[in-house]
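Below are the chains, spelled out letter by letter.
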Amino acid sequence: MLKTFAKGGIHPPENKFSADKKVERLPIPKKVSVPVSQHIGAPSKVIVKKGDIVKTGQLIAEQSGFVSANIHSPVSGKVFKIDLVTDTSGYRHQAIIINVEGDEWDEKIDRSEDLKRDFDFSSEQIIKKIQQAGIVGLGGATFPSHIKLMPPKDTKAEILIINGVECEPYLTSDHRLMLEKGEEILVGIQILMKALRVEKASIGIENNKQDAIYNLKKLVKNYKNIDIVSLKVQYPQGGEKQLIKAITGREVSSGALPIVVGAVVHNVGTAYAVYEAVQKNKALIERVVTITGKSVTKPGNYLVRFGTPIKDLIDAAGGLPEDTGKIIGGGPMMGKALNTTDIPIAKGTSGILILPKEESKRREVKPCIRCAKCIEVCPMGLEPYLLMTLAEKAMHERSEKEDVMDCIECGSCSYTCPSDRPLLDYIRLGKTQVGAMRRAKSMK
Amino acid sequence: MLKLIVSLSPHQLGKNSVEKLMYGVIIALIPMLIASVWFYGWGAIVVSLTAVISAIVFEFLISKYILKIGNTIGDGSAALTGLLLAFNLPSNLPIWLIIIGVFVAIVIGKMSFGGLGNNPFNPALVGRVFLLISWPVQMTSWPIPSPASEKFLGYTDVVTGSTLLGQMSEAMRNGESMKVFSDRIPNYFEILTGSVGGSIGEIAGFVLIAGFVYMLARKVITWHIPISILSTVFIFSGILWLVNPEKFIIPFFHLFSGGMLFSAIFMATDYVTSPMSKKGQIVFGVGIGILTIVIRIWGAFPEGVSFAILLMNATVPIINMYMKPKRFGETIKEK
Ligand code: SF4
Ligand code: SF4
Chain R
1 MLKTFAKGGI
11 HPPENKFSAD
21 KKVERLPIPK
31 KVSVPVSQHI
41 GAPSKVIVKK
51 GDIVKTGQLI
61 AEQSGFVSAN
71 IHSPVSGKVF
81 KIDLVTDTSG
91 YRHQAIIINV
101 EGDEWDEKID
111 RSEDLKRDFD
121 FSSEQIIKKI
131 QQAGIVGLGG
141 ATFPSHIKLM
151 PPKDTKAEIL
161 IINGVECEPY
171 LTSDHRLMLE
181 KGEEILVGIQ
191 ILMKALRVEK
201 ASIGIENNKQ
211 DAIYNLKKLV
221 KNYKNIDIVS
231 LKVQYPQGGE
241 KQLIKAITGR
251 EVSSGALPIV
261 VGAVVHNVGT
271 AYAVYEAVQK
281 NKALIERVVT
291 ITGKSVTKPG
301 NYLVRFGTPI
311 KDLIDAAGGL
321 PEDTGKIIGG
331 GPMMGKALNT
341 TDIPIAKGTS
351 GILILPKEES
361 KRREVKPCIR
371 CAKCIEVCPM
381 GLEPYLLMTL
391 AEKAMHERSE
401 KEDVMDCIEC
411 GSCSYTCPSD
421 RPLLDYIRLG
431 KTQVGAMRRA
441 KSMK
Chain U
1 MLKLIVSLSP
11 HQLGKNSVEK
21 LMYGVIIALI
31 PMLIASVWFY
41 GWGAIVVSLT
51 AVISAIVFEF
61 LISKYILKIG
71 NTIGDGSAAL
81 TGLLLAFNLP
91 SNLPIWLIII
101 GVFVAIVIGK
111 MSFGGLGNNP
121 FNPALVGRVF
131 LLISWPVQMT
141 SWPIPSPASE
151 KFLGYTDVVT
161 GSTLLGQMSE
171 AMRNGESMKV
181 FSDRIPNYFE
191 ILTGSVGGSI
201 GEIAGFVLIA
211 GFVYMLARKV
221 ITWHIPISIL
231 STVFIFSGIL
241 WLVNPEKFII
251 PFFHLFSGGM
261 LFSAIFMATD
271 YVTSPMSKKG
281 QIVFGVGIGI
291 LTIVIRIWGA
301 FPEGVSFAIL
311 LMNATVPIIN
321 MYMKPKRFGE
331 TIKEK
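Which chain is which? The protein sequence lines are R and U, in order.
If you read the first sequence in this note's numbering, its first letter stands for residue 1, the second for the next number, and so on.
If you read the second sequence in this note's numbering, its first letter stands for residue 1, the second for the next number, and so on.
Don't read these hints as lab results, they were simulated from the structure.
Treat the numbers as computed from the prediction; the structure is a model and nothing was measured.
Beta carbons are placed, not taken as given, at the ideal position from N, Cα and C, and that holds for glycine.
Hints may contain errors.
In silico DSS-like cross-links for lysine-lysine, where the CA-CA straight-line distance does not exceed 25 Å [unchecked claim]:
| id | chain 1 | residue 1 | chain 2 | residue 2 |
| --- | --- | --- | --- | --- |
| 1 | U | Lys324 | R | Lys7 |
| 2 | R | Lys21 | R | Lys217 |
| 3 | R | Lys280 | R | Lys221 |
| 4 | U | Lys278 | R | Lys7 |
| 5 | U | Lys15 | R | Lys357 |
| 6 | R | Lys280 | R | Lys116 |
| 7 | U | Lys278 | U | Lys15 |
| 8 | R | Lys31 | R | Lys311 |
| 9 | R | Lys357 | U | Lys3 |
| 10 | R | Lys128 | R | Lys280 |
| 11 | R | Lys361 | U | Lys15 |
| 12 | R | Lys393 | U | Lys324 |
| 13 | U | Lys219 | R | Lys3 |
Here are some chain U residues pointing at chain R (derived, C-beta under 10 Å) [claimed, not checked]:
| id | residue |
| --- | --- |
| 14 | Lys3 |
| 15 | Leu4 |
| 16 | Ser9 |
| 17 | Leu13 |
| 18 | Asn118 |
| 19 | Thr222 |
| 20 | Ser274 |
| 21 | Gln281 |
| 22 | Lys324 |
| 23 | Lys326 |
Now the in silico label distances, taken between C-beta atoms and shown as ranges [stated by the list, open to error]:
| id | chain 1 | residue 1 | chain 2 | residue 2 | range |
| --- | --- | --- | --- | --- | --- |
| 24 | U | Leu216 | R | Asp211 | 33 to 41 Å |
| 25 | U | Lys68 | R | Gly65 | 53 to 61 Å |
| 26 | U | Ile66 | R | Arg362 | 27 to 35 Å |
| 27 | U | Lys68 | R | Thr340 | 37 to 45 Å |
| 28 | R | Thr340 | U | Lys15 | 28 to 36 Å |
| 29 | U | Ile318 | R | Ser123 | 53 to 61 Å |
| 30 | U | Lys15 | R | Asp342 | 31 to 39 Å |
From just these sequences and the hints, can you work out the full model?
Okay, structure coming up:
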């Protein structure tokens with residue numbers, strides 16, 4: 001029996017069209033817009049000004065608070081201006097706009113492709129390097145990675161879990177990385193293990209990526225204490241709590257962090273970025289992005305500098321299809337619909353998915369037939385039908401009692417409902433209201 | 001400029017639909033219909049068609065002209081209610097009675113609460129119980145089945161008799177030993193293959209079980225309600241039988257007689273009127289099982305399962321309130 005998480009879950013069609021497409025470099029655009037909020041937490045503080053000359057990999061915005069991250073220039077050139085730009089959140093945020101001139105890198109960065117296995121840094125040095133490189137969770141959560149490497153005093157990390165699940169349909173960037181940069185990822189994992197002072201790491205990969213599992217299993221023989229765990233294909237296996245459950249059998253309780261069960265989870269993409277930061281002094285300035293969709297002529301995976309407009313990526317994939325209805329940053333289950341093709345690619349952009357018109361329309365909402373299918377699929381053991389009703393009736397206190405805040409917004413409930421009820425829309429509303437209520441209470 | 005649609009995730013929806021689920025149940029019932037035509041002749045078809053058509057007509061009129069919620073017959077739930085009611089009726093019931101039953105089921109049992117999803121009681125059972133109380137004679141004179149291989153029956157040309165449960169009630173009242181009674185009724189193979197009298201849906205247990213397996217495979221329903229009802233019936237009547245085999249009949253009799261299988265599989269599993277969580281569904285099933293045996297043995301009606309389901313329907317809101325699904329991480333959550 002393959003491992004998986006305990007309850008709920010769905011099996012959406014995988015549609016991984018770009019799984020066999022090698023990662024290619026997307027040409028650097030003429031101009032990039034680098035948003036200062038590419039992570040969860042406080043926006044970074046801009047430290048360059050109009051007219052400054054910057055090099056690729058040079059720090060251009062600083063971490064500004066405990067939960068925040070550095071941002072480096074993804075290109076070389078001249079700062080054109082600091083302005084508001086619509087980013088993947090759909091809102092306008094401050095961004096540094098740079099006119100590209102050549103591609104001149106910061107001297108400290110080792111640009112060779114050679115694999116560098118050995119390292120001799122202390123835990124503190126590693127964490128410092130990761131923090132300086134501006135690394136955030138590349139699975140899409142974009143939580144600053146260095147914070148996750150500093151467990152609170154009264155807890156102890158026992159196992160590092162690496163998320164190679166990529167349970168979102170369509171997306172293949174992590175898959176490609178595991179195939180093409182397997183060894184770099186393993187070195188990255190060793191660095192992370194050292195930083196956390198743990199003796200054990202497991203990479204969880206869903207069973208539909210046999211080639212990646214095979215590749216890593218072959219490579220891992222030279223590395224100590226790293227386990228490759230193949231998991232059953234089941235969405236949302238990549239949810240942090242679900243993955244911990246699948247691999248360790250332990251459940252992280254409501255509101256708690258994974259560290260309470262001794263686990264720390266990082267994404268494979270993050271492990272690769274850690275390798276580059278520690279071994280090559282390379283800050284996080286680019287990532288692998290999948291461009292895909294049923295009507296996209298050339299779905300693929302590209303290494304893209306941050307700040308590149310998604311338009312360029314779409315052009316590389318054969319242009320925007322005629323029947324485009326929606327452009328999504330991320331996967332179909334948890335991604336965000338974008339309203340223009342000018343939006344810059346950022347640290348959290350794992351993929352761009354183009355959905356045809358007929359798949360973009362919402363279906364007609366019917367009354368709840370109380371079939372309990374939403375309960376069956378909820379990985380958190382919630383009652384989505386009830387949470388929706390409570391949100392509709394603005395009964396937020398009751399929502400809180402019904403554990404609405406535990407919802408991980410995986411969308412399994414809306415996906416499954418035979419009456420096409422927009423369960424998650426209302427649950428989000430409930431969460432926002434309960435969150436506001438809690439803040440108001442703590443102010444008093 | 002291209003107009004992009006912006007909406008919240010998820011951006012992809014599954015293939016479930018109300019129609020698919022309702023037609024899933026209807027498909028599971030079709031073999032039953034064929035089996036009942038085999039045993040009861042044209043009557044089974046006449047009753048079923050009358051019920052289905054009148055259910056659709058009533059639902060259409062009410063949803064369109066009174067509730068004004070648009071035409072809802074397409075979702076298949078009205079047709080299903082009609083069919084389920086038909087399966088709870090004798091195959092020689094007069095047409096006007098069927099129409100009254102359907103009226104009560106659809107108009108009072110379902111639409112008066114606001115239509116699909118809002119009714120607290122299983123509409124088909126509301127219709128059936130109404131008929132049973134108002135026209136007990138017509139509702140309890142069952143045609144004696146006669147396999148088509150012997151004689152294909154017309155709608156009216158039937159000999160009526162009482163059901164096994166009716167016979168048991170009578171035997172109990174007369175103080176007859178259940179051991180003796182067991183010997184004079186057909187054996188269980190005959191019961192399961194359908195040669196005993198009863199409602200349309202009480203025929204051919206094997207076909208019913210096949211329908212159950214089909215619905216499980218298509219994920220139309222889960223096993224929780226039917227299995228908890230049937231095991232409760234078996235255990236409860238088994239205990240009684242062990243205590244006094246003279247007075248109480250062996251548990252198999254209860255499982256395979258009357259509408260037990262049909263009701264456990266098709267009536268109690270109605271989405272709208274059964275609990276939401278798995279735990280709740282099991283409590284619901286256990287309740288139905290106990291009530292059924294209590295009514296069958298000590299109650300005034302020989303068949304208790306319809307009443308048991310309706311009674312348990314009334315407890316569903318309370319069950320939903322207290323029987324929550326197990327939350328993720330609950331085991332270590334301190335309260
Ligand atoms: S899945 Fe939809 S129809 Fe079924 S209980 Fe949940 S909300 Fe109601
Ligand atoms: S309620 Fe939240 S966690 Fe549960 S299925 Fe819906 S979106 Fe996922």
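### Message
For a quick check of understanding: which of the numbered hints are violated here, in increasing order?
### Response
none
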